[in-house]
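K.L.:
Residue numbers (the numbering used here), protein chains in the order written: chain S, 1 to 251; chain V, 1001 to 1263.
Honestly, the hints are just simulated from the structure, not real lab data. This structure is a prediction, so every number in the text was calculated from the model and none was measured. One or more hints might be untrue.
Covered stretches of chain V, as calculated for chain S (at least 3 residues, CB under 8 Å) [said to hold, decoys possible]:
#	stretch
1	1094-1104
2	1236-1245
No farther apart than 20 Å at their CA atoms in a straight line, the calculated lysine to aspartate or glutamate pairs in the EDC-like style are these [claimed, not checked]:
#	chain 1	residue 1	chain 2	residue 2
3	V	Lys1040	V	Asp1174
4	V	Lys1122	V	Glu1070
5	V	Lys1215	V	Glu1070
6	V	Lys1109	S	Asp146
7	V	Lys1109	S	Glu141
8	V	Lys1040	V	Asp1238
Under 8 Å between C-beta atoms, here's a sample of chain V residues computed to sit facing chain S [unchecked claim]:
#	residue
9	Phe1023
10	Ser1048
11	Glu1083
12	Ala1086
13	Ala1089
14	Gly1131
15	Ala1133
16	Leu1143
17	Gly1146
18	Glu1159
Glycine included, C-beta positions come from ideal geometry on N, C-alpha and C.
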Amino acid sequence: MRTLRLSITFIGLLAVWQLIVVATGAPPYILPAPADVALAMAERPALLMQHAWVTFAEIVLGLAFGTVLGVVSALTIALYRPAKQWLLPVLVISQALPVFALAPVLVLWLGYGMPSKVAMAVLIIYFPVTAAFYDGLRRTEAGWLDLARTMGASRGAMLRHIRIPAALPAFGSGVRVGAAVAPIGAVVGEWVGSSAGLGYLMLHANARMQVDFMFAALALLAGFGLLLYFAVDAGLRRLTYWQREQSPFDD
Amino acid sequence: MQGFLPEQQTAPSVILTGGHLRFAGKEVFQDLNLTLAAGKWTCLLGPSGVGKTSLLRQLAGLRAEDGDLEGTVSAGDGAPLAERVAYMAQQDLLLPWASVLENVLIGRKLRGEAIRAQDRDKAMAVLSDVGVAAEATALPATLSGGMRQRAALARTLFEDRPVILMDEPFSSLDAITRRRLQDLAVRLLAGRTVLLVTHDPMEALRVGDEILVLKGSPARIQPPMAPTGPTPRQEDRDRLWPLYADLLRQLGADAPGPGGEAV
Chain S
1 MRTLRLSITF
11 IGLLAVWQLI
21 VVATGAPPYI
31 LPAPADVALA
41 MAERPALLMQ
51 HAWVTFAEIV
61 LGLAFGTVLG
71 VVSALTIALY
81 RPAKQWLLPV
91 LVISQALPVF
101 ALAPVLVLWL
111 GYGMPSKVAM
121 AVLIIYFPVT
131 AAFYDGLRRT
141 EAGWLDLART
151 MGASRGAMLR
161 HIRIPAALPA
171 FGSGVRVGAA
181 VAPIGAVVGE
191 WVGSSAGLGY
201 LMLHANARMQ
211 VDFMFAALAL
221 LAGFGLLLYF
231 AVDAGLRRLT
241 YWQREQSPFD
251 D
Chain V
1001 MQGFLPEQQT
1011 APSVILTGGH
1021 LRFAGKEVFQ
1031 DLNLTLAAGK
1041 WTCLLGPSGV
1051 GKTSLLRQLA
1061 GLRAEDGDLE
1071 GTVSAGDGAP
1081 LAERVAYMAQ
1091 QDLLLPWASV
1101 LENVLIGRKL
1111 RGEAIRAQDR
1121 DKAMAVLSDV
1131 GVAAEATALP
1141 ATLSGGMRQR
1151 AALARTLFED
1161 RPVILMDEPF
1171 SSLDAITRRR
1181 LQDLAVRLLA
1191 GRTVLLVTHD
1201 PMEALRVGDE
1211 ILVLKGSPAR
1221 IQPPMAPTGP
1231 TPRQEDRDRL
1241 WPLYADLLRQ
1251 LGADAPGPGG
1261 EAV
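With the rest of the complex left out, here is chain S (with noise of 0.2 Å):
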């Protein structure tokens, strides 16, 4: 059910536009049809798969590491107040300079390879990561605390045993944004600069008016960020097992 729904998507998508091609009739240099990226994507898959491969790992090592760097943070802000003082405005002002202003820095620093673009993926995981689990780790139920605490529990054995499973579901919502905005840092990492990645081969194919190509390095990102997305829903319901879901359609 789920599949056909999806392809039902896919095929509607590619329809529309189809649809946009022939009635604006814009030349493939502007907008290729769906069977000219599809043309693109067959001519040359080899190349695409070996820079895609390049994103694919910058993406999947910047939500790794940001989620560790998060999962850390917000753990040491919500036990040190000091940390929390101190950290906070860290935390703030690496989200309100925006990624694009960093990229070349980043560049600079960490080289036109690999590191600079999970740099960047780390940077733009990091804030939500962070912000909701430390979020989740403050909302802890009181009442569970309270008995913890005439069980003899120490802060410690509360953080584990009750805090942090109390916070996942938290977790779990920062770290989907995560996985939703993560290909934003490592295709900016590649327009900035670097030798591989779809974010390079899409900057070239656009300068040698290859729009169709460009086109199916585009499909390829958004193919892999659903992928991404889903698999690590996945995961995350698996972590979360005892919640229930409801839904405002069932109001």
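Chain S is fixed; fit chain V onto it per the hints.
P.N.:
For chain V alone, coordinates are given in the frame of chain S:
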């Protein structure tokens, strides 16, 4: 069938001296002295906002939810009280990610103690005492309110503390389920020093060895009422209705409350 006698010595009496609660610049209660008789059920009634829950929290060694608490809590036998108190709230406080069995064992986990085979056996035994053994592996969300409160009672029993402090543990249950749980608690908690904070005068009359009413501003404890006969008592058989009327009067059922609001 007596589930588990406390392993420790006999249950001590619990004494509060100089209890004092200040909230929003007002003295809710002050110079309050209270003794929970050893091995007996004491029930505490009183209008909302009179500080019953704060009093219970003070005895449990917890901070007040709002306001400042002062006073000294000690045990009649002179030994420290801290590790001898179990707490039960109106909400079952079962952790939603843990199975019923894991919830019963949570105290050991929280204290960093290993969970041995004999602990599991004991947990299963208390679960079957309260009638939830079949649901041991279920998550709390799949249980009814009554079953959840039974599981919470099992968790309390597993902790095996001689002093039990309960804050309206049965108030969210329907009448029949509530009676069953009262009966069960009286049977399984026999021999322990119990404080039950409740809004329900009949509940106090059914299970209490001594019934205290806290009221006034600042609140004072009224002269105790001690219904006779073994608990759990029956409304008709033990002639509880006149006492019930008495308690309602004490709680101000006659007085026209603000907006006609009673107890």
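K.L.:
Against each hint, give a clear statement of whether it holds in the structure.
P.N.:
Now for the hints, and whether the structure bears them out:
1. 1094-1104: holds (count 3)
2. 1236-1245: The restraint on the stretch 1236-1245 of chain V is violated, since only 0 of its residues have a Cβ under 8 Å from chain S and three are required.
3. V:Lys1040 <-> V:Asp1174: 26 Å, violated
4. V:Lys1122 <-> V:Glu1070: 38 Å, violated
5. V:Lys1215 <-> V:Glu1070: 19 Å, holds
6. V:Lys1109 <-> S:Asp146: Holds. Lys1109 of chain V to Asp146 of chain S sits at ~15 Å (cutoff 20 Å).
7. V:Lys1109 <-> S:Glu141: The hint holds at about 18 Å.
8. V:Lys1040 <-> V:Asp1238: Holds: Lys1040 of chain V and Asp1238 of chain V sit about 19 Å apart, inside 20 Å.
9. Phe1023: This interface hint is violated because 17 Å lies over the 8 Å limit.
10. Ser1048: 18 Å, violated
11. Glu1083: 6 Å, holds
12. Ala1086: 7 Å, holds
13. Ala1089: 5 Å, holds
14. Gly1131: 22 Å, violated
15. Ala1133: 21 Å, violated
16. Leu1143: Hint on Leu1143 of chain V: violated, closest Cβ of chain S at ~13 Å, above 8 Å.
17. Gly1146: At about 19 Å, which exceeds the 8 Å cut-off, the nearest Cβ of chain S leaves the hint on Gly1146 of chain V violated.
18. Glu1159: 7 Å, holds
In the structure shown, a violation is registered for the earlier hints numbered 2, 3, 4, 9, 10, 14, 15, 16 and 17, in ascending order.
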